[in-house]
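Protein sequence lines correspond, in order, to chains A and B. Here this note's numbering is used: the first residue of the first sequence is 10, the next is one more, and so on. Here this note's numbering is used: the first residue of the second sequence is 5, the next is one more, and so on.
Note that these hints are calculated values from the structure, not bench results. Hints may be right or wrong, so weigh each one.
[What the hints assert, rightly or not] Quick list of the computed label-pair ranges, beta carbon to beta carbon: (1) A:Gly357 <-> B:Val571: 30 to 36 Å; (2) B:Gly415 <-> A:Gly433: 50 to 56 Å; (3) A:Ser171 <-> B:Ala564: 40 to 46 Å.
[Said to hold, decoys possible] Below, simulated DSS-like cross-link-like pairs (lysine-lysine); rule was C-alpha separation at most 30 Å, straight line: (4) B:Lys843 <-> A:Lys495; (5) B:Lys590 <-> B:Lys246; (6) A:Lys126 <-> A:Lys194; (7) B:Lys843 <-> B:Lys242; (8) A:Lys247 <-> A:Lys335; (9) A:Lys547 <-> A:Lys564; (10) A:Lys558 <-> B:Lys780; (11) B:Lys248 <-> B:Lys434; (12) B:Lys716 <-> A:Lys558; (13) B:Lys872 <-> A:Lys541; (14) B:Lys132 <-> B:Lys267; (15) B:Lys872 <-> A:Lys564; (16) A:Lys558 <-> A:Lys541; (17) B:Lys780 <-> B:Lys148; (18) B:Lys1004 <-> B:Lys130; (19) B:Lys305 <-> B:Lys98; (20) A:Lys541 <-> B:Lys843; (21) B:Lys353 <-> B:Lys41.
Quick reminder that beta carbons are idealized off the backbone N, C-alpha and C, glycines included.
This is what each chain is made of:
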Amino acid sequence: MKSPYYLLILIVALFSCNKDFLDRYPVTEVSPQTFFRTEQDLIMYTNSFYAYLPGDAVISADLSSDNVENGTLDPLVAGMRVIPVTFGEAGWTFNRLRNINFFLANYQRAEVADPVKNKYAGLARFFRAWYYFDMMQRFGDVPWYGGTLETNDPDLYKARDSRVLITDSILADLDFAIASLDAQKNNSTVTKWTALALKSRVTLFEGTYRKYHTALNLAASAPALLTKCVEASDELMKNGGYSTFYTGSQFDYRNMFTSQAPNSEVILATHYNTTLVRTHNANGIFQTPTQGGTVGFTKDFVDSYLMRDGTPFSAIDGYDTLGFAKETQNRDLRMSQTMRTPGYTRIGGATSLIPDFVKSPTGYNITKFVAGIEYDAYNSNVNALPVFRYSEVLLNYAEAKAELGTINQDDLDRTINLTRRRGGLPALTVGAVVPDPALQAIYPGITDNLLLEIRRERRIELVMEGFRWSDLMRWRRGPLLQRTFKGMYFGRKGLFDLDNNGSNDFALVDVLPPPGDRLPGIQYFALGATMKLSNDSKGNILVHPNVNKVFDEGKHYLYPLPLTEISLNTNLEQNPGWQ
Amino acid sequence: MSKACKSSPGAFRLHSFFCTLVLAAFIGLPASAQDKKPVTGRVTDHKSQPLEGVTVTESGTSNAVFTNATGNFSITVGSGEATLEFSIVGFAAKRVRVSNLSNIDVQLSMANQDLGEVVVLGYGTKAKNKLVGAVNQVGSEVFKNRAVTNVGQALQGAIPNLNINFGDGQPGRPAEFNIRGFNSINGGAPLVLIDGVPGDVNMITPEDIETLSVLKDASSAAIYGARASFGVLLITTKSGKKGKTRIRYTNNFGYSQPLRTPKVVSDPLQAAEIQQLAWNGYIGSNNVSLTQIIDYLEAYKNDPTLPQLWISNAIGYVSGKPTDWYKEMFRDNTPFSRHFVEISGGAEKVNYYLSGGLQKQDGLFRTATDNLKRYNLRGKLSIDLSSWLRVSNNTELNNEVFDSPQKFTSGGSNIYRFMSQFAHPYQTIKTDDGYYTYGGTLSFGQLENGGRVSNRRDVLRNTTGIQADVIKGLLKVNGDFTAWWDRRRNDVSNRRLTYRQSPTAVVQFVKPDNFISSYAQNQLNTINLYATLTKQWNDHSVDLVAGFNQEENRYSLFTAQRDNNLVENQSGLSLTDGVATVSDRKTEWATRGYFYRLGYDFQSKYLLELNGRYDGTSRFPSGNRFGFFPSAAIGWMASREKFMEFIQPVVSHLKLRASYGALGNQQVDEYSYITTMNIYRSAAILNGAQPLATGSPTLVATDLTWETVTTKNAGIDIGVLNERLQAGFDIYERKTTDMLVAGAALPAVLGTGAPRENSADVSVKGWELSLQWADKFNIGNKPFSYSIRAIVADNKAVITRYDNNPSGNISTYVAGEQLGTIWGFETLGFFVSDDEASKWADQTQVSELINQPLAGDIKFADLNNDGKINRGDLTTANPGDLRRIGNSSIRFPYSIDLRFQYGGFDLNVFFQGVGKRDFYPSREAAHFWGFYNRWNNPVYEHIAGNYWTPENPNAYFPRPRAYMALNENRPLGVKQTRYLQNAAYLRMKTLALGYSLPAKLTQKTGISGARVFFSGQNLITWTSLSKAFDPEAISDEVDSGTFNGDGFVYPVQRVLTAGVEINF
């Protein structure tokens, strides 16, 4: 320790340490350069697409349609949509597309056999087709991107592509998916049959859209699309091995939507599980006023259920002034499995319940998807939610054939006579369709009574499964939304026996009497300041009597594009009517 | 020792005291020697007042004593040849030869400016009067005898523009430090250095601190380079001093109480009726469940034997017997204890310091509480190997265990949020047969049965260093290596809850049932190597520091989780049998830099300092990773000029300073420039399981580089009336440029966020002022000394560039906007009639409720007269009817510190406050909004009787109407002038009263000094903020990113303690 210069040795030692000291790379995340090698990599990546399944969006979608009256006025239904500022508000989002396209740009690098690779590419293209189908329904024309974009890509600023190009691209993707996906049925993953079901849905949508939106000048191409719908549906019906769920029980229809395990009719469902803490809130949405808002079926929807003998409800004398107890008698069996009717009991509950007007001011409580009382705690439902159901394919087939004018008895027996069977309805016979003026009134210009019956069956069978809005759009029946929706009919105010058991259980009043003046065992419902009966002293409950709803046919069939995107990309044009 | 701790708190206290005594006996008191000569005496200051704590050393030996409170000392020296040295900070040292004297009285004079306070700087120290950067320093007095659990609490308000935030009152909550305001959009925090190397200030014990310096401007921080761009906290711990072994023991016992817990209306019937009004206001008719409850409560009034009424999950069980949920939730008093022992001293070639601290604090929950334990140990040793070489070692061992009930019921929703939905006086926590109700189980049941969280943290830090006087008095070389291991073990159990759903059903609440164990280790290795050259000649003085610094950080995390706990009161991976998941994460970063500081002064009058650092980091691609960041500072001691002589009788010193410099900021993610794909467990259930999934990587720019932080600073220091009045003022501007943010906006078709680029700037302007008056005089024949110190500061941040927002959308950063701006509507009041409401501008866009506005509803001003109340394009150019109604930034933080000493008594009163701050309670701040948020929220006392009715048109709140504050498109959810809160406050942070026992009394027992004290924290608060919030906890849950709502946090507490300090 004589010399301080020993220190110099230390200094030199320290300064001579490795030059790549500042090079540090991530070790617990993968990089795209080293990924996409094995089938496992392809599986792991494509698993991310299942986040795009609609989940509980399916069961809330009809809350924005003429099937349901919403206590909080829905801007979509009321024609109160505003031009959004950001892409997020507008739904003009492309993140899913990028995720899918990134896979399609890289999967070829995997060191596995082509059919295996194609299987996953088919999965990706299925999800891409679905993505573009959603975007096209919303915006009409959309820009088509077959690959991922870089920040300096001129295509960032391209104009929208026509719906014709989009439809053709969707069908190309779907045909690839149908050819390469597994044919093994599986109701939690996407298979060949799921792709066929989507093709059936897309082609029916676009075929009818082009047929009825004549201003597009695409009507000539409609029959080809409808034919594709028939073909895709037919292949699934013939070779898919699916069947309509029917045990003969009067609860078949209800059980299909309240059980955790999907049945033979379900092609693809979103699955839920308590242990995995993946649950939804159907019981809350449809029963608790503070969750999902106050919602109830409209009278118009309830009226569209046939009588058990197959005749229209409108054929009854004075059908429009019947009270709850009468109007619910002898109807399609599916009615009592979709909404509260006299004698309704919860699954697992013993007492019969009358309608809860607080939850459903129209008086028609929605019960489809409401599982047993053990799922009443907030967000605890585990019943599977359908994404593709065989019955839809049958209805698509029947509708496409009817639109083409080629439907025959055999077609009816293979399709809607199977779904009607669950309602206890007699089979429909070609040439023996009873015309329903109520139905003709809401679909003016349709002279084919069989087509009208098919549309009725679609509305009944698929209610609350998210089809009604897009059906109205493709049929160009937007004006149906601007009607003042009605609720239950009351010939007077005062006490009622809603469940028809001989004792009063309900009181319709203007203002709630003080507690001491109320009768026990009676549910009081006060119209208050905002609701009223259609003829003041009597009539149908009107939840929004004074609102002027609008459906501008020059504008409202499509959504507006976001302002920021139009200013970023001058080639992007706003949809008609929204400028 | 740890076993003994567990037995009982009382036993433990005794035990630790015993330990102290035994330790003292072992270390021993210096053995007596032959031929000694006793000397006594008294030390006084320039005003003949006794000076306490003066070190009296026998020159050339380790023999030393301190003077007591009366200035007296007593020492035994080797012989009459000995010389005594008297020294204390702030006074000139004095040497006296003993000769034949047995009584030596000494008067010390104030140190002249050159020998004044020494301030710790980066890689060195500097006399305070030569300082040119913006640096503040505090000493150990700030940390003494206070009921604080960590350093941050003691520092709140101690230094101007050192902002300290906790967020809530949870025991052991670490402080967040900020120096001089907004740093960067990417965050950023001051660099904390403990004895020259990075460390965690929240883990060390306050009593160990000798000095704490805050380096605020670029010139003082520049030497630390890339990690110091937002200032430096420089902590120097105590060291052993040559002389007699000194033993100090201090403790602190007391309890804490929650402040500002929500106050709910206690009458069940009144509460239910007000809720019914709110429901009615919302939907126009009565709520069936509430009608049932009201009917029941009325019946219960007449017949209190009625059983509990079951309603539904939304309401649960109803009882006529009132329940005060918050009283049941929080304990009135929770115990708190601290112990600290220090043993220090030094001999000719060795100095040593050894300390140990222990702290225990229980939490507030009555049902199943949380508790914090912290142990601190520090050992410092330095040995002179030769006349020019010293080696030293500094070891720190800190352990903290926070064991608490799982406060998150599901996802990130905490129990406070659930309490805010169920704490009705008419609702019961448990049913008569002992089951929790729905609401009871989500709050109380969650605490008791929902699982526990145990966070254990161990910090081990060791610095080994050498100091060499290579050329005596000219060149020194220092080198040190530090390894810092920071290990965290988190064990979390989540368990299912059951509750009574109905008289016939006990059911489960769906939530995870699992055990998650994670272990994280962070290791930081630091190497410092630097040389110091000092040279004085004639009027010139030069000091140069140059060196090298290297840091390497490795982080690794291992997490294992398995579902389904099998054993009721015990948790562990082996005690589960469900789905198992393991994961890990590893990250690394490294920096390397070369630095210098050149100081020069002429006659201590003209001062110059140049700093610089050439810095490299692993966080940027190799081409952009190095940067050079220089700074310069000048100072002028004006009071030394001849022409200023005339002021010298009054102004003892006057100094002007200015500095300018740039620093790099590398506080961004480790791998910002590298593309990676994250692998995660999918939420979707495929074939019965949730498989792993991955997706496309985000886009990254490959040319990322440093954010640059440029600071301009000017300051003035002044001392008046023989330094009795001292003042300092600094003004600064700090610009952070090229902040790494999303680049220029790209069309959404890109499908991912625009990659981050160096494309945003922010400018912070501020100032800080400190004033101190200290004096002493005699009352009777005893000295009375006092001091008052006040500090106030301010800063304001403005975004000066933000490329990603060309349209000026006010929901994100906008160039030219001040940060913290609150945009809102102007509230005109309430509609006086339905008619007025129907004729007023269309408010539908901000009142998405099912009924139209009526009398008693909020009336907004239509500022742009377009007949609609709206937000325009939500841009600064077209904000519709929005305007800037306030600012959420903290402005004018200030503090006042009062100290008095008389006889054996000392008193310290410390106030801390914020002069200006606005706060808008967000939509889910249900402690404030009550039923305006959701109808079934409790009715709070501040709302009952204070809402609009035709009879009470001037109430604070509008007509009762549920859901008005549910989201941001509702009349109360939208920010507006009427409910904007003034979050300014002044809080008596500390009141500490001490009494030092007379030396006569203590010396007989071998104790050189003893002091008893009482201390209180957070005793009084003055604020006009709503009682629903604590001004220091207005934000959301600290431990979760999930939105709960403002104010749903662990309550801030008042702490009252007493303790003793004994010096041996």
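Going through the hints against the structure:
{"no.": "1", "hint": "A:Gly357 <-> B:Val571: 30 to 36 Å", "verdict": "31 Å, holds"}
{"no.": "2", "hint": "B:Gly415 <-> A:Gly433: 50 to 56 Å", "verdict": "44 Å, violated"}
{"no.": "3", "hint": "A:Ser171 <-> B:Ala564: 40 to 46 Å", "verdict": "54 Å, violated"}
{"no.": "4", "hint": "B:Lys843 <-> A:Lys495", "verdict": "28 Å, holds"}
{"no.": "5", "hint": "B:Lys590 <-> B:Lys246", "verdict": "46 Å, violated"}
{"no.": "6", "hint": "A:Lys126 <-> A:Lys194", "verdict": "20 Å, holds"}
{"no.": "7", "hint": "B:Lys843 <-> B:Lys242", "verdict": "73 Å, violated"}
{"no.": "8", "hint": "A:Lys247 <-> A:Lys335", "verdict": "42 Å, violated"}
{"no.": "9", "hint": "A:Lys547 <-> A:Lys564", "verdict": "36 Å, violated"}
{"no.": "10", "hint": "A:Lys558 <-> B:Lys780", "verdict": "82 Å, violated"}
{"no.": "11", "hint": "B:Lys248 <-> B:Lys434", "verdict": "63 Å, violated"}
{"no.": "12", "hint": "B:Lys716 <-> A:Lys558", "verdict": "61 Å, violated"}
{"no.": "13", "hint": "B:Lys872 <-> A:Lys541", "verdict": "27 Å, holds"}
{"no.": "14", "hint": "B:Lys132 <-> B:Lys267", "verdict": "51 Å, violated"}
{"no.": "15", "hint": "B:Lys872 <-> A:Lys564", "verdict": "23 Å, holds"}
{"no.": "16", "hint": "A:Lys558 <-> A:Lys541", "verdict": "17 Å, holds"}
{"no.": "17", "hint": "B:Lys780 <-> B:Lys148", "verdict": "21 Å, holds"}
{"no.": "18", "hint": "B:Lys1004 <-> B:Lys130", "verdict": "40 Å, violated"}
{"no.": "19", "hint": "B:Lys305 <-> B:Lys98", "verdict": "84 Å, violated"}
{"no.": "20", "hint": "A:Lys541 <-> B:Lys843", "verdict": "22 Å, holds"}
{"no.": "21", "hint": "B:Lys353 <-> B:Lys41", "verdict": "25 Å, holds"}
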